[in-house]
Each structure stands twice: as structure tokens, then as C-alpha cells.
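*Asks:* Using the hints provided, position chain B relative to the given structure of chain A.
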Amino acid sequence: MSISPINDIKKIRYLYYGFVLIVLVRFYDLNLLLHQFESPVLNFPDADNTFWFILYTGIPQFLVKNFTISLLFDLSLFIVPVLCLIFNRTRIFPVLFSIIFFLYFITVSNFQAHHAHNLNGILMLSILFYCTPKTFASVLYFFRYYVLFVMVSAALWKIFRGSVFHLDHMSNTFLLQHLYVLTDHPSSTYSTVIKYLMDHPILSHLIFIMGTLLEFVFLIGFFTKKYDKLLIILFCCFFIGDYAINQLPFFEFYIFLIPLLHWKEINEFYNANNKLLIA
Amino acid sequence: MGILFMTNKKGFFFVILFIVFQAFFTYKGVQTVPFFNYGMFSEPYPADKVSEKYIIKLDGEVLDIENSGNIFPYMLYENLRIYKKLVDPNYDDVVLKAIHRRFEKRVSQATLDQLVKKIWNDEQSIKKFPEWLCQFIAKRTERKFETLEFDVEYYTYADKKYNLIGTESIMKHEH
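So the sequence lines, in the order shown, correspond to chains A and B. All the letters of the first sequence, read from the start, carry residue numbers 1 to 279 under my numbering. All the letters of the second sequence, read from the start, carry residue numbers 1 to 175 under my numbering.
Here chain B stands alone, though its shape is the one from the complex:
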């Protein structure tokens, strides 16, 4: 930093300004750019947490997502996770809340609606998801099917083993 100050004062002040802003946003819990938060695995993970396993059934047959060849499993799981949250009427939508909190008093209602439509998921895009999922799986696995089911299995871990404590049907779609 000493050399930077002596050789490039503008650069030095830019770095200082950046550190101050980044410290402020980290303190506020706001991510401003996606390159400076490396906090993964830093929050203590509770022991009693229920783990969710996503199951896709094609015409009643379970799809082996991990070995289905042309799908990146993590991408599919994450999309299913988001969809499951979005269709849950009790879901506390933190992103939607954040959009409202940051813009509600700064822009008109029409602009706010436009913002939500563009950066988050409106009802229309949520409704499109089952058909996209069918097309995505059909194309990526080169399989033909008529119905697709998305179920969730809930597990806890006790006595040194996973215990299935329940299942839930999230979606059944005719392709």
C-alpha cells in the first residue's frame, strides 16, 4: 500500500474507498458485487435440521439425476429448490422483500412492479416452470414421457443413519 501511495495516489484512494464501502456493505449484510464475499460454510449448521431430497419421476419412474448424463445435477436441484419455495404460500420471500425495501420509497409503484418483473419471478414465470422442467429433462435426457412429478423426501439423521420422516408432492405435470 505504501508503494501504491507513492506511485499512484488515485489508485491508493480508490483501494481505500473500496475497502470502506465493502466493510460498510458487509456490516449491513448487503452484497454489492459477487466477488468479495467468501463466507461459505461459515455459519454453524444445526444438527436437528431436516434435509430435503428432490425426486423427479417420469411416468412414475424415478429419474437418476446424478447419472442422467446430460444434466448438471446441482443446477436442477437448485432450480427445484427455488420453485418449491416460490409455490409455498408460507415462504418468506427475502429477495422480494429486499427489492421493496431498497426501492419502495425511491421509485413509483409502476417502476417497482417493472423491477420485480425483471429481476425476480412473477406469477407468470412461476407458472411456466413445470413446462420448462419437462422440456429441459426431455431434451437433456432424450427421453419421452407424459407425466413428470416433483416430490420431496424429508430426512433427519439419528442413530447413525438417515431416517425418512416424510414425503411431499410439489408438482405433477402432464407434458
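Okay, chain A solo, but in the shape it has when bound:
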């Protein structure tokens, strides 16, 4: 009997585009859609070649120049994922979604003057849906390694740039991160907790070290898939903790759990195909 990954691919498609629609509703609520920017004027491409190239084309500037254009573009962000779900046999809509989401990613990062990483997962995984069933598994596993890379490289940056060796690093980071809440609402429960951590740098640093170790644990995933369930739990713990302590909502990053989940059909299909190819 031949193994088919079609059912798993279908589940992933629903999971992915369903999540995308939730993120877009959340972005509307956060006032982060382009029509909510009211035609901004300042660019922030940073020293990033990709941003430079896209800005040079003039597309981001065009998308925010006029309210109607921005609104139509934002609407397309919602409509195309729905079309991807309805017309699931055609590749044109997933390709179109990758293009418009990429433009949104560059435009929003440029005009909000901050290059956040939180949308990387949605953008990258969008590639999956114009793969053939045969390449789908390989690309999905490639992204599994990418997720591991994200976590491990974040730990390595902290080690090599030295923040893990500075006892005051975390408490000093709080000074910047929580200035507004601590000066505007100094007696709130949240401010009290953060203030306690700021005044106890060893405790803050221990939390930072634990976070770095937690990221580093993902190294194990490069050698075995046996602990992927544990990595899923650690992934959630890390970002929930990050939100609680640093107020950094990496909600959009949870899309990266898709490659870490166990997909039985895809796994069997991938193994069967590779055995044939290697033989």
C-alpha cells in the first residue's frame, strides 16, 4: 500500500492559514495594518540589503501613500489566505500570499521603524504550500532545522557577545524595557515584580541564564527527533516567559511549532521515499 501525506498536508494547510487569519485580526486590533499608519513619511531600512532593495523599487512607499491603496492591500492580506483554503489545488494563491505577506513584512517593519522577527515564521512557512507532496516533507524538515537554528543561534549570540557573563545585564535591560510602566504606574503589581527583579540583579541574571540554557537545549534537535515534544513545551515556556518578563509578545512565532509537531503520514512518506532514493 502506497503512503500518502495528503491528509497531513491538508491539516497543516488549515492550521497555517487559520493561524495567519488570527494573526491578521490581532494586527488589526493592534493598529498595525498599513491603512492604520496614516501614510507615514520616515523610512527605517537599517543596514539591511533586502530592505534597501525593496525600498528602492518604491513599492512600500506606494503601499502607504494613499489610504485606499493601503486598505485594498490590507484586505488582500485577509482574502488571499481564504482563497488558499478554498482553492487548495492551485499554487497561484499560496505564491501570491507569500509575495503580499513579504511586502507587508518589509513595509510594516520599515514604517514602524523596528525590524521585528515575529513575522518570520509566517513568511517562511508560506513556501510549504506551493511544494509538491514529494518536496513538502523535505521543506517541512528544513524548517524544523531552521527553528532549531533560531533558538540555538540566539543562545550563541548571548554567549559570544558576552551578555551571559554580565551579572547586571538583565536588570539593566529592565531599565530600558520597563521605563514607561515603572514611571507611569509605579505601584501596579507588575511594576512591583519588575522593580524587585531590577533591585535583585542576581535573581534577574539567573532567569536570563535559564532562558539562554533553554534556548541552547534546542541543539539536541539537530541530532534526534526523539525530544521534539519536550522542545515544543520548552518553546512555549520560553516565549510565555519572555512575554511575562519583557513584555515581548512573540505570539506570531508559535507558527514555528508546526515543523516541530509529529506528522505521522509525512514522516512515513518521507522515510519511504528516501529509502528508495538512497537504495
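Don't read these hints as lab results, they were simulated from the structure. Be a bit skeptical, because a hint or two may be false.
What the hints assert, rightly or not - Some but not every residue of chain B turned toward chain A, in silico, with C-beta under 10 Å:
no.: 1; residue: Tyr45
no.: 2; residue: Lys49
no.: 3; residue: Glu61
no.: 4; residue: Asp64
no.: 5; residue: Phe72
no.: 6; residue: Met75
no.: 7; residue: Leu76
no.: 8; residue: Leu80
no.: 9; residue: Tyr83
no.: 10; residue: Lys97
no.: 11; residue: Leu115
no.: 12; residue: Glu131
no.: 13; residue: Lys144
Just so it is clear, CB atoms sit at the ideal spot from N, CA and C, and this is done for glycine as well.
*Replies:* Just chain B now, kept in the frame of chain A:
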């Protein structure tokens, strides 16, 4: 990687090439694509650093940015941060320097000017910022006002508390 080599040689060499290029660009400190640098919170943060708090006043009344409803505070703070740097005559504009460093010897002066105009902020767009800020805040908060002020409060942290060490007026604009 072993399986990739055996099943897809092109894919394998692409991955190797990518790793080499990424390692090179990371070493050079250049970001080429926005998906591979996860170094946030990795640089030791100095204790004596002065923290900046951005204040917006509408007709002299302080706007509660965090609870103003229809504004993503972080987006506003970051735009204010960039504007503050751009109007500071002593600002060391690293992006502008990077554009010049990467293209000065490769393209003509006219093309370079065009590049700067398109990818960075020329004087004209900086001048437009106060009016955009007024329109943005007026529309997003549905408030009418005549003057908008952008001030910065400077804080240090000592003796277990924030200490206001100074304020600076960055902009006052008649809407």
C-alpha cells in the same frame, strides 16, 4: 545533511553555500536578509545608560500613549526615536554612512543621491514628519488639537529608583 546530500545534491550545495555566505556576512556585521540574525538582548547593556522617555503633549496636555486606544505605542515610540536622531545635528547616521560606503565607488553621484532619497530619509521627508505625526495622532485618537509638542525626559536609575535628570523639547508643531 547526509540524506540531503544523497537525495538532492543541488539542495545540499545550496545549503552549504548559504551557510558560508551567512557566516561571512555575520562576520562582516552586515545584515543581508532579515531572517537569520537572532541576536537581540545579546549585547551587554551598560548600567549607567540614560533612558529616554518620549512625551507627546496635545495643547499642553500629556497624551497617555500606552492607553490611547488606536495607536500601537511601540510604533509611535520608534518613529519618535528615529525623528529625534535625524534632527540631532550631532547624530552619527550609520545607515547613511553604510549606503555611501557600499555604493559610493560603484555608482554615479546622481544614482547615489537617488538611492539615498529612496531608501533613507531626505530633508523633505524629515520636514514632513511633524505634520504626519499630528495627522496620525488626530486620526488614531479622534482628538482635535492645535499644537503638538514632542519632549524627551531623561532618566537614570540609582538608589533603587528612576531619577529624572533632564528634559528636552524636540518639536512643537501647530496643526
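*Asks:* Run every hint past the structure and note whether it holds.
*Replies:* Results for each hint:
1. Tyr45: holds (4 Å)
2. Lys49: B:Lys49 check passes; min Cβ-Cβ to chain A is 7 Å, inside 10 Å.
3. Glu61: With a minimum Cβ separation of about 15 Å from chain A (threshold 10 Å), the hint on B:Glu61 is violated.
4. Asp64: OK, holds: B:Asp64 within 10 Å of chain A, min 8 Å.
5. Phe72: Given a least distance of 5 Å, the restraint on B:Phe72 holds.
6. Met75: This interface hint holds because 4 Å falls under the 10 Å limit.
7. Leu76: holds (9 Å)
8. Leu80: holds (9 Å)
9. Tyr83: holds (6 Å)
10. Lys97: Nearest chain A Cβ about 9 Å off; hint holds.
11. Leu115: holds (7 Å)
12. Glu131: holds (8 Å)
13. Lys144: violated (15 Å)
Hint compliance for this structure: hints 3, 13 are not met, and every other hint is.
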